[in-house]
Amino acid sequence: MSDLTRKTAAELAELMAAKQASSVEVTQAHLDRIGAVDGAVRAFLHVDTEGALAQAAAVDAKRAAGEELGPLAGVPLALKDVLTQEGVPTTAGSKVLEGWKPPYDSTVVKRLKAAGIVILGKTNMDEFAMGSSTENSAYGTTHNPWDLARIPGGSGGGSSAAISAYEAPLAIGTDTGGSIRQPGAFTGTVGVKPTYGGTSRYGLIALASSLDTPGPCARTTLDAALLHEAIAGWDPMDSTSINQDVPPVVAAARNGDVAGLRIGVVKELGGEGYQPGVEARFHEAVELLTKLGAEVVEVSCPHFEYALPAYYLILPSEASSNLAKFDAMRYGLRVGDDGTNSAETVMSLSREAGFGAEVKRRIMLGTHALSSGYYDAYYGQAQKVRTLIARDFAKAYEQVDVLVSPATPTTAFAIGDRINDPIAMYKNDLCTIPSNLAGNAAASFPCGLADEDGLPVGFHVMAPVMRDDLLYTVGAALESALAEQWGGVLMTKAPELEVTR
Amino acid sequence: MPSITREEVAHLARLARIELSDDELDHLAPQLDQIIALVGQVSQVAADDIPPTSHALPLTNVMRADENIPCLTPEQALSGAPASEAQRFRVPRILEED
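Those protein sequences? They're chains A and B, same order as listed.
Taking full-length UniProt numbering, the leading residue of the first sequence gets 1, the next gets one more, and so forth.
Taking full-length UniProt numbering, the leading residue of the second sequence gets 1, the next gets one more, and so forth.
Hints are computed from structural coordinates only; laboratory data are not their basis.
A couple of the hints might just be wrong.
Said to hold, decoys possible - Not the full set, but computed from the structure, chain A residues with beta-carbon under 10 Å of chain B:
1) Val-47
2) Thr-49
3) Leu-53
4) Ser-210
5) Ser-342
6) Leu-437
7) Val-465
Said to hold, decoys possible - Derived DEER-like restraints, expressed as beta-carbon distance ranges:
8) A:Asn-341 / B:Pro-52: 35 to 45 Å
9) A:Glu-98 / B:Ala-37: 27 to 37 Å
10) B:Asn-68 / A:Lys-267: 29 to 39 Å
11) A:Thr-290 / B:Arg-6: 36 to 46 Å
12) B:Asp-48 / A:Gly-273: 24 to 34 Å
13) A:Tyr-375 / B:Gln-44: 13 to 23 Å
Idealized CB from N, CA, C, for every residue including glycine.
Whenever a hint applies, use it, and build me the whole structure from the sequences.
Right, dumping it as structure tokens:
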């Protein structure tokens, strides 16, 4: 049989439905691939071999018994280590949670299990999802399968690297400022941030509660849509969950017709600071969509320029509050409990020992932004800018159906390049942040390789709230037109990883 | 003139309950100063009459039915505790000595 790890999730599901492969075989093939390449890629923090094979065997038994199964039943998946899975180590990339085994499943995990999707293990990430490179993980950096000397993006670099290295056909990420889309762009894969409230945050270790959104990562648009449909929808366990039908994302991914679609190119997201190869691929993709019948206009969103500063006030403020729960009392790391130290001293020693540099920076920044005397100038003003950014979107959507931009200003950079320059690191997320602040749906789709470095470029699409289907319409149109040019999706151009036994 | 001094950073660390080392304070103070200069750009936006947004979507209070539903057992709830005793979290002393 041809290599099962090279197949898409949709192809694997078809094979299994036709009983030409079992889920145990498919799962084992991916576990073998992880064994062969993850020493170099380091996408996984924990591989749940036994649990995955047991889930796979259960799906096979159900299929043999003639039970009705979901469209992705038996397909393996890599799970970002920020979502709880009962009994499986969950660290969020932090020493604070080393060895913690959650006593409950997040809603996303519950839905994956209900869909018969097999969870292979937990993927690496920047600590508490704070970062754009996975270099802030307490457990080491993940390497980009396109070039192992480079970062895979972040915070969900592990999830995107896993699918890009063919260790899994599907992965789950979470996107607070671009943590699904930016690694998607850097690894030549698809990354979708659903509408805020379209996927449940229950069991997602919170970074910034008003921004955090779980979503799908995959190598093709259709695979991402199938996974999107499996995890999305109203959840009574999340008070900000939207009680509406899931947008028709799978139908949109299968259809992919952009004729008559109005596309707005955001003027402010380009120019100075953008790598020429990124801009070249982006503009070619826009031309291609025009040829496919889309109507393209330029649109101005004047307040987007302030999205980055507003985000770096809102996010640290929410994070400093959310991370207060790591107090060394009920779970997580405890240091200095020698019988004489007070609870407060133990708390301070534990947080000092458990948190990494970036987490401390953001907690301090958030504490500062929320402190009396600074609140109005920083947090209050950032919330007003957030309103103006949402208004920019609303105004743009009066003229166009979707907005587009490059997903990132540059391609993947070298490991170590920006780790000592927080501001250069923050600028990775210039294009992705506005959609988190406004809560709308957005995605990155592969659109080619930059000439300077031969690395993947992401095409960013932003759609109105609960119009996630439009992302897939554009993604599918672009994907099939580009695949025709290239003779396959972008991932087929990725270099072969050296396999170790 | 930095927008944030080393002493202020030390004060923030106490508020955030992080026992920062001297080395970390030396590093963090200038880094935070740079970051504050970046985020301070929000003040360039004329927004006096603009209402703040705390949340992208309109929030309504959400209530559930007043029914008993299964929850974690004490063993599950204590399963990650650094220390427990008699089915409770054991914590260091919470009062100052004197």
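Here is what the structure says about each hint:
Evaluation of the Val-47 of chain A hint against chain B yields a violated restraint, the C-beta minimum of about 21 Å exceeding 10 Å. A least Cβ separation of about 23 Å between Thr-49 of chain A and chain B goes past the 10 Å threshold, and the interface hint is therefore violated. Given hint, Leu-53 of chain A at the interface with chain B, is violated; its Cβ is 25 Å from that chain's nearest Cβ, farther than 10 Å. For Ser-210 of chain A, the interface hint holds, since its Cβ comes within 10 Å of a Cβ in chain B; the closest pair sits about 5 Å apart.
Interface hint at Ser-342 of chain A: satisfied, since its Cβ lies 6 Å from the closest Cβ of chain B, which is below the 10 Å cut-off. Hint on Leu-437 of chain A holds. Least Cβ distance to chain B is approximately 7 Å, under the 10 Å limit. Checking Val-465 of chain A against chain B: minimum C-beta separation of about 7 Å stays under 10 Å; hint holds. Checked against the hint of 35 to 45 Å, the C-beta distance between Asn-341 of chain A and Pro-52 of chain B comes to roughly 40 Å, which is consistent with it.
In this structure the supplied range 27 to 37 Å holds for Glu-98 of chain A paired with Ala-37 of chain B, their Cβ-Cβ distance being about 35 Å. Hint check: Asn-68 of chain B to Lys-267 of chain A, Cβ distance near 56 Å, so the stated range 29 to 39 Å is violated. For the pair Thr-290 of chain A and Arg-6 of chain B, the supplied restraint of 36 to 46 Å is violated, since their beta-carbon distance comes to about 55 Å. Take Asp-48 of chain B and Gly-273 of chain A: their Cβ atoms lie about 30 Å apart, and the range 24 to 34 Å holds.
Judged by the Cβ atoms, the range 13 to 23 Å given for Tyr-375 of chain A and Gln-44 of chain B holds: they are separated by roughly 18 Å.
Comparing the model with each numbered hint stated earlier shows that hints 1, 2, 3, 10 and 11 do not hold.
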